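**Q** Chain by chain, the residues run as shown.
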Amino acid sequence: MTAPIPATATATATWREQLSALRFLAAKVARVHGPTHPDAAIIAQVVNTLIDTPAVDMDTQAALSRRLDELTGGFHPWPGSCGSVHQLFTGLKAVAAALPKKSQS
Amino acid sequence: MPCADHLPPVDLSRVSATSILSGEHRVILQVLDVVEKLAALALRDQRIPSEHASQALEVLAKFADRCHHGKEETVLFPVLEAIQPGFSPVQMMRAEHVESRAFIRAMTEAVAAGDAASYARAANGYVDLLRQHIHKEDDILFRFAGQMLTPAQDAEVLDGYRRIEHDDMGDGTHERLLGIADTLATTYGVPRASDSQQIMDLLTAICGCKKD
Ligand SMILES: [Fe+2]
Ligand SMILES: [Fe+2]
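As you go down the protein sequences, you meet chains A and B in turn.
Numbering of the first sequence is given in the numbering used here, commencing with residue 2 and proceeding in unit increments.
Numbering of the second sequence is given in the numbering used here, commencing with residue 1015 and proceeding in unit increments.
Hint data in this document are derived by calculation from the structure and do not stem from the laboratory.
Watch out, some of these pointers could steer you wrong.
As the list claims (entries may be wrong) - With a Cα cut of at most 25 Å, we get these calculated SDA-like pairs of lysine to any residue:
| # | chain 1 | residue 1 | chain 2 | residue 2 |
| --- | --- | --- | --- | --- |
| 1 | A | Lys94 | B | Met1183 |
| 2 | A | Lys94 | B | Met1214 |
| 3 | A | Lys94 | B | Asp1185 |
| 4 | B | Lys1051 | A | Gln19 |
| 5 | A | Lys94 | B | Cys1223 |
| 6 | B | Lys1051 | A | Glu18 |
| 7 | B | Lys1051 | A | Thr15 |
For clarity, every value in this text was computed on a predicted model and none was experimentally measured.
Okay, chain A solo, but in the shape it has when bound (with noise of 0.2 Å):
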């Protein structure tokens, strides 16, 4: 018999919280797509930026948040592309929705 799931309070995930599974998933398609989608590194390389990026770091984040826009095409899946591009693609947008859209300075 399995175990009762308890509910978690996942609909209050900062998007800190979301780039934490972000990052597994950045890294399974990399690994997985990388051959044929070489930027799926760099989208790798730049969600670890985001995590290691400081909240005070207005600047950087909103930098990132653009770079993230131009490596997924607006964050769109590449066609033909499994399930796991489709949550990481997604889940980015929802990040970069969160993140400050213009350089503060």
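Based on these hints, arrange chain B with the ligands on the given structure of chain A.
**A** Chain B with the ligands in isolation, oriented as in the chain A frame:
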């Protein structure tokens, strides 16, 4: 049957039926370290840190039990039992999975009731059981399994893991749970298994699109 000490340990540098599970064990051990701290806090404050306890329980119920134990019980163990009927280490591991579910239920009920003492008792029981269980699998069962499985059987088992991780759990669920495990680890000052590139490679090795 030879003594497990004379068999090579699981090779974490390549993707296999056993290394994938050993990689997941590192994450489960990380969550056990967090749960041990949550139990100590519950006893000290006579109050359960309920948001984090619920998050840890979600990882234990879905990642450790449904996904990881699911891979063992429905994919790896049946293959080992087909090779060697009545293979006793597998029977013992199944029994410990059942025991672990009782602890998860007890923790869940204690969180719902706000019963700090019961939570700490169940949490510490679960931590002790799972640490020993993982030790037995990594150092005994998986060493035997590594010798028993042919390359074709290994590939068949990996395909079964893919079915559970993607078709049953759903794309992205595995990663969401790994993310929660890492956020909890950061909060409680526990080292993250995924900081090891070797473990990260194993945790991200299986994709639903079968291109791995
Ligand atoms: Fe097990
Ligand atoms: Fe296990």
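**Q** Are the hints correct? Go through all of them and say.
**A** Hint by hint, here is what the structure shows:
1. A:Lys94 with B:Met1183: The given pair, whose Cα atoms are some 23 Å apart, holds under the 25 Å limit.
2. A:Lys94 with B:Met1214: Roughly 24 Å separates the two Cα atoms, so the pair holds.
3. A:Lys94 with B:Asp1185: Given pair Lys94 of chain A, Asp1185 of chain B holds - Cα atoms ~17 Å apart, limit 25 Å.
4. B:Lys1051 with A:Gln19: holds, 24 Å
5. A:Lys94 with B:Cys1223: With Cα atoms ~22 Å apart, Lys94 of chain A and Cys1223 of chain B stay inside 25 Å; holds.
6. B:Lys1051 with A:Glu18: holds, 21 Å
7. B:Lys1051 with A:Thr15: holds, 23 Å
Violated hints for the displayed structure: none, as all numbered hints are satisfied.
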